[in-house]
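Trainee: Just so you know, the protein sequences line up as chains P and X, in that order.
Numbered according to this note's numbering, the first sequence spans residues 16 to 311.
Numbered according to this note's numbering, the second sequence spans residues 5 to 627.
Hints in this document: simulated from the structure, not taken from any laboratory.
Treat the hints with care, as some may be off.
Listed next, the stretches of chain X that the computed footprint assigns to chain P, with coverage defined by at least 3 CB atoms under 8 Å from CB atoms of chain P [unchecked claim]:
no.	region
1	67 to 80
2	116 to 127
3	281 to 288
What follows is a list of derived Cβ distance ranges for each label pair [what the hints assert, rightly or not]:
no.	chain 1	residue 1	chain 2	residue 2	range
4	P	211	X	621	45 to 51 Å
5	P	151	X	349	46 to 52 Å
6	X	595	P	140	34 to 40 Å
7	P	134	X	621	57 to 63 Å
8	X	608	P	208	26 to 32 Å
9	P	69	X	595	37 to 43 Å
10	P	134	X	626	48 to 54 Å
11	X	262	P	69	23 to 29 Å
12	P	208	X	602	46 to 52 Å
13	P	71	X	195	47 to 53 Å
14	X	55	P	69	42 to 48 Å
15	X	593	P	208	55 to 61 Å
Using N, Cα and C, we set each Cβ at its ideal position, and we do this for glycine too.
Take a look at the letters that make up each chain.
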Amino acid sequence: MSSNKFSPNPEENAIRERKKRAKRGSHFFAFKRKYLMIPYAVFLALFIIVPIAIILVYAFAKTNENGAIVGFSAEAFLSFFTSTTKLNVLTVSLFVGILNTIICLLIGYPLSYFLANRKYNTNAVLVMLFVMPMWINFVLRTGATRDVLTFLGINGGNHAYLATMIGMVYNYLPFTILPLYTTMIKLDKAQLEAAADLGANPVGVFFRSVLPQSVPGIVSAAEMVFMPTLSSYVISDTLSEGKITLFGNIIYLHFSQSQWDKGSFMALVMLILVAITMVVSHKFGKEDARTENALW
Amino acid sequence: MKNSKFVALGALALLTLPALTGCASNNNVRTLRILNCEDYIADDIVENFTKDWNESHPGEKISVVYDTFDTNETMLSSLKTGKSSYDLICPSDYAIQKMMRDGMLQPFDDIPDDNYNTYASKYLVSRLDSIESEIGDGTGVKHKVSEYARGYMWGTLGVVYNPAKIADITGLEEDEIKVDMNSWTSLWDAKYHNIMSIKDSMRDTYSVGIMKAYNDEIIADMDASGVFDENYNLLDTVEFDSEEALAYNEKLTKIFNRCGYEETKVVEKELLSLKANVFGFEVDSGKDDMVKGIVGMNLAWSGDAVYSLDRGENENDTYLYYSIPETGGNIWFDGWVMPKGADKELAQDFIDYISSPEIAAENMDFIGYTSFIAGDTVLDLVRQWYDPRSYAMYVWHDASKDSGCTWEDSDFVYDEDDELVYQDGTGLHEDTGDDYGPFDMTGSTYEEAVVDGVAMSWEDYQAMVDTYNEAEFGDDEDSYLSSGWDTVNLTYIFSGTIDDYDESTFGDTPDDNPYLFYTDALETITTEDGREVVAGRQFFTQYAPQEMLPKLAIMADYGENNVYVLNLWENVKANNLPIWGVIIFGIILLSAIVVTLSTIIIRRKQKKLRVERRKITAANMRK
């Protein structure tokens, strides 16, 4: 049906009139709600998509000494998978990341359970205390941790791994507590009571009701710890006195020595690892969580 | 729809454009862009230069943009990636070579009578002359670094150590420690396990590895050269710049610059065992760790050593020492370079300004590193710092020339460090309490000295002080030395930079040669096997002893071989998962697999049950 035709129906006329007006307006600038997205689109493109693209390009690029791309090269790829040193560093990073995640969960889980109980945590002051270190600059905090540990006799010289793990757990514990706490606070108390009434002992209540309900919290807590630990290097550098080298250090080393292809390739490896973690954990989270009540 | 998006983006770009171009539109103001290392210039120098320049060039105006970088490597990669352009940059020797090779630099004009050519230490310039590089023009012709760079600061790499602290931990005698610190191999010694921090910097730590790996070869070369005595000190009869000495230096420099594949493998082994012996790697925390006593030894650049030694003494009563081991080590330079496209005139004006001895001394006093510039003011500063003879009067006398104040006008006060200082029109001047000797100087002015009420010329005053010193310490050099004073020779730095001096009249004691210094900061220790070892503090950090110079080598840019050294460094820094780690990792992975599998199996079972139950229910329903 052609829109130019006059219709006897007054309602149709009104619609056509409105459309006309809208069309006139669009000759200048018709504001639409979706234009509000433009700043975000620009941000996304500039700071996320373009950098990733650059990493991708440089990872497989051959560069001359001024950093200009002159061709394709798989050298970075080969040098990564043939270098036992680089693979060793990756293993150590994965180990530190996983261990840190587990320790943080082991400490954070019971802690958040108790904190979510009003009996122990009136006014949520305690939660605040546990989360407070996050307010202080991360580098300063690590420097202070080094001083405290040195005072206690634990230092990178004699206990490089211990010092690093303490620093890691201290730094990432708040990130575990927050999501777990928000999940715990929303635990369906009626379900717990029902489980107990139906004859489950406390252990049964925990495994059959509390744990399944808190899986989304655990998943986001694990994500929040594992991913940044994998790429962190300030903590290990400061607390192990440079004796433990994580994946982040070695990436930095290659960039600072103008080995952009190798640095980019390792950054890409890290990106892929993080992506895998995301996919796996989301699969886990979705299977069990019917409600998206995690904070992160 | 697509179009409107582009319009919006275009509008955004248009909005930001004027903001970007706005600063460049004002043509009356020229800009000098300086890129320097962090904390590497006295506070007000840049500001004063701008003021001076604007006053001396009426009708023109400049402004200075001053930025900093933290390491040469980050500076190089930011220059390569970014579009930022600077007129003056201050990298280290090897980075200058690299920039020359990449064709990034333009040469300085050679102006014979500018401050740099007049006052820069002749010796240091000759060292700078000795390194060269291609300039990226494709011809492969090598050019001298000194054409493309103007020296700024220089120094050495050595070991700062705290004998008292180490003695405390290890139970060794302090003298033994001081003797040990005269050798690079001591860093590998299990006696000093877990006491020392080394640099988390590829080149510096690599240079130490070289000195250890080729220690025997270096010692054999020293023996063969015939210019060193049995203590590996330069023979008294051999000048530091004699041909034999230079020939030895060339030999050492070759060893020092080894960086081929085979050689890096040798050094790698050494550095791995060094890593096992040290407390840790550090970049910047080492200075404070030394002062606080967290570590007992630290591989340090001489300028950082000055900072540690000063702070240790002033704040913690910790007496730190600095040693350049007897087989020698690294001598390094930082210098100013002009990238292509720089405002040459302004850049050279700035170099001229900071190369005047007054500014150089101010700079040196502020940042603690040793200036490339010699000249009278720097000499005065060094004398004021280190000569134990009475130079309080000297400083006061010098200051009163500008301020015109008399002795009574000067106000003696204690500063926050409880050190006696005096105040006059020119500000605070440091001094130590007992330096005025036994004399009452009331009534003294710049023109004449009044000593105990008797007016005399300053020359007579100086003679009087000398007499006093002779009476106190004896009249010959030996008794100066016997009272714990050594003579340090700085001729190599200052020679030829001070016009007022006629060097042919100089004698060979500090009394008649201003380039020689008495110092009470050296200790001579005789070892059990009869060798004499000198342990030094501040003096060695500022100026390497003259007899040490043939043993100091410049470490050039590795060039193509950088990949080998990088590979070595990666291997040194990386570590395997320890055995307990492997076990824990294994357990974690195993239990993860078990949990996942069991969850899947349990779910399947439950599902089966559910299906069966539903079947039963359905069957029941049907019934």
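Trainee: The structure should be examined with respect to each hint, and the outcome stated for every one.
Mentor: Hint check results:
Under the rule that three or more residues need a Cβ within less than 8 Å of chain P, the assignment of the region 67 to 80 of chain X holds, with 4 such residues. Counting residues of the region 116 to 127 of chain X whose C-beta sits closer than 8 Å to any C-beta of chain P gives 0, which falls short of three, so the coverage hint is violated. For the region 281 to 288 of chain X, the proposed coverage by chain P is satisfied: 5 residues have a C-beta within less than 8 Å of a C-beta in that chain, meeting the threshold of three. Hint check: residue 211/P to residue 621/X, Cβ distance near 27 Å, so the stated range 45 to 51 Å is violated.
Restraint check, residue 151/P to residue 349/X: a C-beta distance of roughly 48 Å satisfies the suggested window 46 to 52 Å. Look at residue 595/X against residue 140/P: about 36 Å separates their beta carbons, and that is inside 34 to 40 Å. In this structure the hint that residue 134/P and residue 621/X lie 57 to 63 Å apart at CB is violated, the actual value being about 42 Å. Distance hint for residue 608/X and residue 208/P: a CB-CB separation of about 30 Å, consistent with the stated range 26 to 32 Å.
In this structure the supplied range 37 to 43 Å holds for residue 69/P paired with residue 595/X, their Cβ-Cβ distance being about 40 Å. At about 52 Å, the beta-carbon gap between residue 134/P and residue 626/X stays in the expected band of 48 to 54 Å. Hint check: residue 262/X to residue 69/P, Cβ distance near 37 Å, so the stated range 23 to 29 Å is violated. Judged by the Cβ atoms, the range 46 to 52 Å given for residue 208/P and residue 602/X is violated: they are separated by roughly 28 Å.
For residue 71/P and residue 195/X, the hinted distance range of 47 to 53 Å is satisfied, since their beta carbons lie about 51 Å from each other. Evaluation of the 42 to 48 Å hint for residue 55/X and residue 69/P yields a pass: the beta carbon distance comes to about 43 Å. At about 38 Å, the beta-carbon gap between residue 593/X and residue 208/P misses the expected band of 55 to 61 Å.
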